[in-house]
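**Student:** Each chain, letter by letter, is given below.
2 protein chains.
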Amino acid sequence: MNGADSLCDTLLANDVDVCFANPGTSEMHFVAALDKKPQMRCILGLFEGVVTGAADGYARMADKPAATLLHLGPGLANGLANIHNARRANTPMVNIVGDHAAYHLQYDAPLTSDIESLARPMSDWVHRIQSAADVSPAAAAAIQASRSGPGGIATLILPADAAWTEAPATIQRATDPELAPVQDDALRAAGAALRNGRKTVILLSGKALRGEALDTASRIAVKTGARLMAQQSNGRVERGAGRVMIDRVPFSVDLALKTFEDTEQLILVGAKTPVAFFAYPGKPGVLVPAACDIIPLTGPDNDVAQALQALAEAVGADHTVAPLTSQRTATQLPSGALNAAAIIQAIGVLSPENAIICDESVSSGRDSFKSTFGAAPHDFLQITGGAIGIGIPLATGAAVACPDRKVILMQADGSGMYTLQALWTQAREQLDVVTIIFANRSYAILHNELKMVGAGEPGRNARRMLDLDNPTFDWVHMAKASGVEAARATDAESFIDVLRSALARKGPFLIEAVI
Amino acid sequence: MNGADSLCDTLLANDVDVCFANPGTSEMHFVAALDKKPQMRCILGLFEGVVTGAADGYARMADKPAATLLHLGPGLANGLANIHNARRANTPMVNIVGDHAAYHLQYDAPLTSDIESLARPMSDWVHRIQSAADVSPAAAAAIQASRSGPGGIATLILPADAAWTEAPATIQRATDPELAPVQDDALRAAGAALRNGRKTVILLSGKALRGEALDTASRIAVKTGARLMAQQSNGRVERGAGRVMIDRVPFSVDLALKTFEDTEQLILVGAKTPVAFFAYPGKPGVLVPAACDIIPLTGPDNDVAQALQALAEAVGADHTVAPLTSQRTATQLPSGALNAAAIIQAIGVLSPENAIICDESVSSGRDSFKSTFGAAPHDFLQITGGAIGIGIPLATGAAVACPDRKVILMQADGSGMYTLQALWTQAREQLDVVTIIFANRSYAILHNELKMVGAGEPGRNARRMLDLDNPTFDWVHMAKASGVEAARATDAESFIDVLRSALARKGPFLIEAVI
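Protein sequence lines, in the order shown, are assigned to chains R and Z. Taken in order, the first sequence gives residues 1 to 515; the numbers are from the working numbering. Taken in order, the second sequence gives residues 1 to 515; the numbers are from the working numbering.
Hints were generated in silico from the structure; no laboratory data involved. Keep in mind the model is a prediction, meaning the values are calculated, not measured. Treat the hints with care, as some may be off.
One copy or two, it doesn't matter: identical chains are merged, so the pair holds either way.
Said to hold, decoys possible - Keeping only pairs whose Cα atoms sit at most 27 Å apart, straight-line, the calculated DSS-like set for lysine-lysine is:
(1) LYS451 - LYS37
(2) LYS258 - LYS272
(3) LYS283 - LYS36
(4) LYS272 - LYS223
(5) LYS199 - LYS223
(6) LYS36 - LYS451
(7) LYS64 - LYS272
(8) LYS506 - LYS283
(9) LYS37 - LYS64
(10) LYS64 - LYS258
(11) LYS370 - LYS37
(12) LYS64 - LYS223
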């Protein structure tokens, strides 16, 4: 076996059996190795941002890493924006980046670049394989790094000669990750805070937004009178009717300040102190009042579920306390003009049980949480790092992980343009994704931001940079180009009709919702 | 005036008057500044790889830098692959990357990343603006850096607060670049080599492949019996009927070794010693024989035209010596089956005088030089750094720089998928580009490379990673989605018909040539 075989075997031995790929010449030995192993599912993306965004969506739902296969520095660079998002979601991911043979780097051939420098800003762990013998230990270490803490980005650089050289047959195994329990003093501090009568918010993120942990958090809030909130961006939230009702920190600085204006204590559970997404002249960066006490119960690196359970015991929030759950309220369909609110309202009513709702609707979907509290129970995946172009790949990966569940993507048109190549992957893999394009034909968020700058009415240059019209992009044609069936809707009734039929069938479908 | 106004004024004062842009919130003050200056042409790309690739094509033809406007680390990352190509072409480019306000970085808001680490591998010069007062000096330094030597990548990080803070009214000017003349000992060595009777290749790149410099090089070759060659990849070559006939180093290692097998001396003029694009087991990295003397006349940083003129004088290659030029031989149109050779043959016959031919045809176009020696005189722009996804943006930028010339793009389908968003920019700006998609529905180059690995017939996993079928992507639908007229051709006759009519009209047109 050569180094490439050793890498493939190490991935499989450690339960990494999906590889989102866009290979090049320097990865050909690895392609040949993958070709010998039908138990590895290889999924081609026609651009690397598709590959990494899909790996993110996959891992958020599968709770284990996928591998990505990328071609040297530029291939990695193309995938970085969605690696950035994945890192902000604490997604486990193992990136395999092919490079020139080690002895070839001295020649500075055209595709040569400093891969480590590119990888580090978006990776938690980076390693360049030193030899064929280093392949299996390095791959096991990468998998372990990707699984450590809440999950992280491991980037493994594979020189071509390490791939093609004879390697030892020993395959390394990553050890199972261990999450540290909550620290006693943090537990005591949070418990005391919940008993002192001050106005308290418990801010959750990561695994605290799922299943039993979220129930426990809600019981704590109900028992102590604290308010439960989710971070503005989270990798995955389990929500909908019958599940814990939890709102998230608003994106708007003014709304977020209002949300926290009377908050005296903030208990962090896998979350960070909320800060403004962007700085604005004269507005604060931290969104809680200066006098608010910040009490970290546990960061994302610890066992969040255990920490919440311990806190529940400390405050007496046992199973006799019922969590605050959402009711099945989303039953009224919209009518008349089609706009973002109507689309989201319709999704709230029609999305089936156990759907996966992905959200890159940006400005259009800011208020979507309200309309979907009462939707059928679902997982909610959103853009986490602000790097647009995640939506279509994210939905693609989630559908690979969960072939029996319907994936619904709320996709802004401007952001969707970034990685529209993922539609082709959905067609090829026949993934069960309904993509809903919020076609407002502009970077609406930026029009709003420009207003806030006080620039007045936008002139020609500003409009040329913020509007997506002249020509408008035709998403129905684009979907058909990719082998995905599609339709356009321009009022609520036609949107509902199309959405109903898209949800009733299997396989990818795109709706261009003109708003 | 604020820092953003100061930046805009500094660009304009230094003749940088085209800005390829994909802005975000942190760049809104700069957008507002650009909006006040109609003399700045702002061109939106719906993905950053479009923005940077277009800036490359523009600068190769305009011989001056464009600005790019990119949104934080992920926006820069999306543009890096084509910045990599531009750097390998020695293209002048000024990248303006917005970042958070300096005081906001401490909060590690979701879009925060280490922009410098991302920028450095693909930049010749990187600077983070320190204050509003630093904006104009820094921008002038960036422009100067982009123009120094043969041209380079300057990346300027603009914190939002430096943009929105009041700035001094003084606008800095970059000094004109100066190219050093050839060094005496290098000139003597090259002159001596050309007189010693040994088999000599003069290898050219950069400005040596244009106009007077190229004529001079050819006269030297004719006079001394040396062979003239161009580097494998070059930013721009002036060629075609009536111009100097010069072949380039083949991509294939075996063919390149054959080309140089009897070469005893290699004189470098703005070029590098030729090396293999990739390493292969058992094959050499350097493509000239070990015994071949390498004689650098001048690197790309020096005045290449002056160096060639001095060498011509040294060897007596004056204007009585005629350069070896191509004849107008491309007159025979193909017929029958459509394949890459037929497409290129037709382009050779039909491309109009003074066209700009861009090439990202990858494996399909490897032999295209032969068929176009005798085409009408044209500029030839190619992918230089091996980072695929340059073609459609490159053609877009070239058309912006030269609105009165026809741009013809030879585009491989797999590579074209990377940055197909550039078609929309062509439609919006009504650019005169004919895009010819070589639709072989596979990463054909990789099939070939896989064969060379000795992996035998590709199995399911390999085919799933190397084939672009099931479904085939429909480029005609895609072009129409973007507002670009398009047609499909499946035999030589229909291809010729469509190409003729596309060349006869103004504005963007796409031909899907199924091969």
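**Student:** None of the hints should be skipped; say for each whether it holds.
**Tutor:** Results of checking the hints against the structure:
1. Taking the closest pair of Cα atoms, LYS451 and LYS37 come within 27 Å of each other only across two copies (18 Å); inside a single copy the shortest separation is 55 Å, beyond that limit.
2. Within a single copy, LYS258 and LYS272 get their C-alpha atoms as close as 18 Å, which meets the 27 Å cut-off; across copies the closest is 62 Å, which misses it.
3. For a Cα distance limit of 27 Å, the shortest separation of LYS283 from LYS36 across copies, 26 Å, qualifies, whereas the shortest one inside one copy, 58 Å, does not.
4. Taking the shortest alpha-carbon separations for LYS272 and LYS223, only the intra-copy value of 24 Å comes in at or below 27 Å, while the best inter-copy value is 73 Å.
5. Taking the closest pair of Cα atoms, LYS199 and LYS223 come within 27 Å of each other only inside a single copy of the chain (14 Å); across copies the shortest separation is 90 Å, beyond that limit.
6. In this assembly of identical chains, the alpha carbons of LYS36 and LYS451 lie at most 27 Å apart only when taken from different copies (15 Å versus 57 Å within one copy).
7. In this assembly of identical chains, the alpha carbons of LYS64 and LYS272 lie at most 27 Å apart only when taken from the same copy (23 Å versus 46 Å across copies).
8. In the homo-oligomer, the alpha carbons of LYS506 and LYS283 never lie at most 27 Å apart, since the shortest distance is 48 Å inside one protomer and 50 Å across protomers.
9. Taking the shortest alpha-carbon separations for LYS37 and LYS64, only the intra-copy value of 20 Å comes in at or below 27 Å, while the best inter-copy value is 51 Å.
10. With identical chains, the CA atoms of LYS64 and LYS258 are never at most 27 Å apart, being 38 Å at best within one copy and 50 Å at best between copies.
11. Proximity of LYS370 and LYS37 under a CA criterion of 27 Å is satisfied in neither setting, with 46 Å inside one chain copy and 42 Å between copies.
12. Proximity of LYS64 and LYS223 under a CA criterion of 27 Å is satisfied in neither setting, with 34 Å inside one chain copy and 68 Å between copies.
The structure fails to meet hints 8, 10, 11, 12 from the earlier list, while all remaining hints are met.
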